[in-house]
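Go by the hints and put chain B onto chain S.
If you want the building blocks of each chain, they are given just below.
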Amino acid sequence: MSEFNIRSETLNVEQIMEQIRSRIREKRGVDYTEQQIRELAAVKLEKVLDPRSVRSDLLEQFRKAQPPDAALDVPNFSFESSTLFDSHRAIVRFVRRLLLPILKLFFNPNPLIQALHIQARLNTIQAEHETAHRASHHLFYELIHNLVVETTRLAIEVKNLKMRVESLSSRLEFNERRARGLESVVVYKTSAVDLRERAPAPADERAGAPAAPGPQAAPAPGPQAQPAEGPGQRSRRRRRRRGRRTGTPASAVMTGQTSSPPQDEASDHVARDDFENVSGAALHRNQPLSGDDSVTGATRTPHAPHDAARSDAEPISEAGPTSASDAGSPTRSEPDDSNSQ
Amino acid sequence: MKLAVVVQRYGQAINGGAELHARYIAEHLARHTDVEVVTTCATDYVTWRNDLEAGVEDVNGVRVRRFRVKHERDPRVFARRSDRVFEQRHSLADELAWLDAEGPRSPALVNHLARHAIDYDFCLFFSYRYYHAYHGAHATSSRAILVPTAERDAAIGLSIFPPLFRAVRAVMYNSPEERAMIYAIAANQSVPGVVVGVGSDVPTNPQANRFRQLYDIRGPFAVYVGRIDGNKGCNELFDFFQGYLRETAGRLTLVLIGHSLLPIPDHPRIRHLGFLGDADKFDAMAAADLLIMPSYYESLSMVTLEAWALGKPVLANGKCDVLRGQCLRSNGGLYYESYPEFIETLRAIEQHRWLAGTLGRNGRQFFRDQYDWPVIERKYLEMFTRLSSETPTRTVEPLPGWFGRHRRDLPAAEQVLGRLPTGPAVSRNDAAGQPSGSSGHSLQGRRRA
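Chains S and B supply the protein sequences, listed in that same order.
Using the numbering used here, the letters of the first sequence correspond one by one to residues 960 to 1300.
Using the numbering used here, the letters of the second sequence correspond one by one to residues 724 to 1172.
Keep in mind the hints are simulated off the structure, nothing from the lab.
On a predicted model such as this, the values are computed, not experimentally measured, just so you know.
The beta carbon of each residue, even a glycine, is placed where N, CA and C say it ideally should be.
Some clues are possibly wrong.
Pair ranges (Cβ atoms, derived) [what the hints assert, rightly or not]:
{"#": "1", "chain 1": "S", "residue 1": "1127", "chain 2": "B", "residue 2": "997", "range": "49 to 57 Å"}
{"#": "2", "chain 1": "B", "residue 1": "811", "chain 2": "S", "residue 2": "1079", "range": "44 to 52 Å"}
{"#": "3", "chain 1": "S", "residue 1": "1119", "chain 2": "B", "residue 2": "985", "range": "33 to 41 Å"}
{"#": "4", "chain 1": "S", "residue 1": "1103", "chain 2": "B", "residue 2": "1132", "range": "43 to 51 Å"}
{"#": "5", "chain 1": "S", "residue 1": "1048", "chain 2": "B", "residue 2": "802", "range": "45 to 53 Å"}
Looking from chain B toward chain S, a few residues come up when the C-beta cut is under 8 Å (computed) [unchecked claim]:
{"#": "6", "residue": "1051"}
{"#": "7", "residue": "1054"}
{"#": "8", "residue": "1056"}
{"#": "9", "residue": "1058"}
{"#": "10", "residue": "1064"}
{"#": "11", "residue": "1085"}
Extracted from the complex, chain S is given alone in its bound form (with noise of 0.2 Å):
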């Protein structure tokens, strides 16, 4: 989420709208007007709504098979006993009346009378119902209106979504990436005091002599020897152990060569890792091993059986190192996984 850059004191309202603004868009995706979301809902619905197979002319059908909006107009009339015997005569209406007894006797008008009665209530309770349907056609209709319009904004929404989703994934997976890069090309910064140590070493002595976990290779395990750790180291030094097990280094997965070297060959690898880390020749990462034959088959000794004890036995836990040579001496600085593996 994007933040608010205001100055304090001299608050510009236009710089606060253009963020507020663009938060906006960042929240909702394409920022789409009203109109615009009404005139997609129209003319694109087909388009934007293609895998749900909604009809773009929905509207248009719902809006054609309405019955028009012109007034009802259902013929009916009131029919009572005496209406067949009306007239707008008097006369003829007192001679009907007159000769009804008469007429009587030929036929019962009465069963007509009050089917026609009935007919005419049914014809008003009708014309009522269908207006009662009139008023609810308008309320579907706007239903079905407002349901497409919400389709269509959400179907936007989908969509920017899904992209967006597509953006964070690549840009986590760009991130992963790099950070594994990072990891692999991280060097730690040792103290002034190794580099003076390290410093008058002659090359040959340390090629010579053993690096045998000493008082000033290794100093003693604790709290008070052991050295600040960066963040991430200990999880990285988990990695590393993991990673003796596992053999494929993550540099060899980065650079495409996945097969595992041979076991003498990894086990080679330990030792030059742990020669570098007590030669400070992890200092120097850009400079060839020049003594890597001569110096390995002197360092490999004392190393590699407890590394590998230590890679086999050792829970992985965060409860820090058991041995000297795992407390990690102030000259130990951390190898990359090609070095460690």
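Just chain B now, with coordinates in the frame of chain S:
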């Protein structure tokens, strides 16, 4: 110097924007010069019914001369004529008929001005769109000063008004946006004009706690002051604020002050207090965390200025050019143009107290610099002095003959309005506003700190 302040309605109980504006100006100018108010007997702006007696009376130490309105407004006729001139092609005669229908039609007032124009040095006409301003300014054009109080509505697109803006001696604008709009419609840049606005008598020591106790309001709240009406954007405000309550964890309550023409949403955090007196209104604004002004059409918004005078931030409708321009010029408020912007700006003001405080302080400074009474009075008096030293040269453009007046060749006012430029009149320098020099901070950073 003798001044006539000509306005459609006048009185202590009349709280319409332009009328209140006219009363404040009359009362403050009366301290420097002889002021007489010329007005009608009407108090109701819908009917223009003659509620008051014609004649002379004294209101707050200012002499007021009232004239009867010849006939009340017929809403049906007015609506029909409005439809014609705003939405259809029409003639000049249609527009004059619309002006008559709008009212308040008071030929006696216009005759008085025509006969006694020489008695006044200047006549200040308020509200360009009414009968009294159009005909009164024509009768006294060499002494007429117009305070248009023009909003961005269709009336500004009528063809009878541009000649009026060009004929008067001077125009006292309420805002740069109003001036830009009138320049665009009338091309009256040669007419002396100044952006003045109006001040407000804001109490120096409002009692915020008293208000909270009196109305039992706890916690932070936003206040809206004014008529609660759809035309003022209140429907949108209700929708947006309810959305804010639904979607965010905001703690604000919305307090509404004013007569309501709308149903108020039934929500425990939307409180309607009805119409309040000035003391309570200012106490409420002092107690509030911010003022929300959702109106689409404003020529000045005195309430906004009053909130700033009290050091309160404002959240305004950015679709109103004037409000947006005021926010940008003052750096005293944020604005919104859509629902997401409303939510984010409201949340920013609510959550970042330093932001609210800085906006409020900027607003207060803006009010003191631009709208304090000494500033307003000085601008008016300087204009009078300037005009007194100049010889009037402009004359009223005569109306065309009968056939010309009845030729239906004028476009619908809505069309004319649509062609006018929009947006706040803010230069980059104005927007930058304050002196620079301090380091940047971020809202998030400040919150964590």
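Comparing the hints with the structure gives:
1. S:1127 with B:997: 49 to 57 Å: For residue 997 (chain B) against residue 1127 (chain S), whose Cβ atoms are near 52 Å apart, the range 49 to 57 Å holds.
2. B:811 with S:1079: 44 to 52 Å: Holds: the Cβ-Cβ distance is about 48 Å, inside 44 to 52 Å.
3. S:1119 with B:985: 33 to 41 Å: Roughly 36 Å apart at Cβ, these two residues keep to the hinted range, so it holds.
4. S:1103 with B:1132: 43 to 51 Å: 45 Å Cβ-Cβ, so the 43 to 51 Å window holds.
5. S:1048 with B:802: 45 to 53 Å: At roughly 49 Å between Cβ atoms, residue 802 (chain B) and residue 1048 (chain S) fall inside 45 to 53 Å, so the hint holds.
6. 1051: holds (6 Å)
7. 1054: Nearest chain S Cβ about 5 Å off; hint holds.
8. 1056: Where the cut-off is 8 Å and the nearest Cβ of chain S is about 7 Å from residue 1056 (chain B), the hint holds.
9. 1058: With Cβ-Cβ at 7 Å, under 8 Å, it holds.
10. 1064: holds (7 Å)
11. 1085: Hint holds; residue 1085 (chain B) Cβ to chain S Cβ min 6 Å, cut 8 Å.
Hint violations for this structure: none, all hints satisfied.
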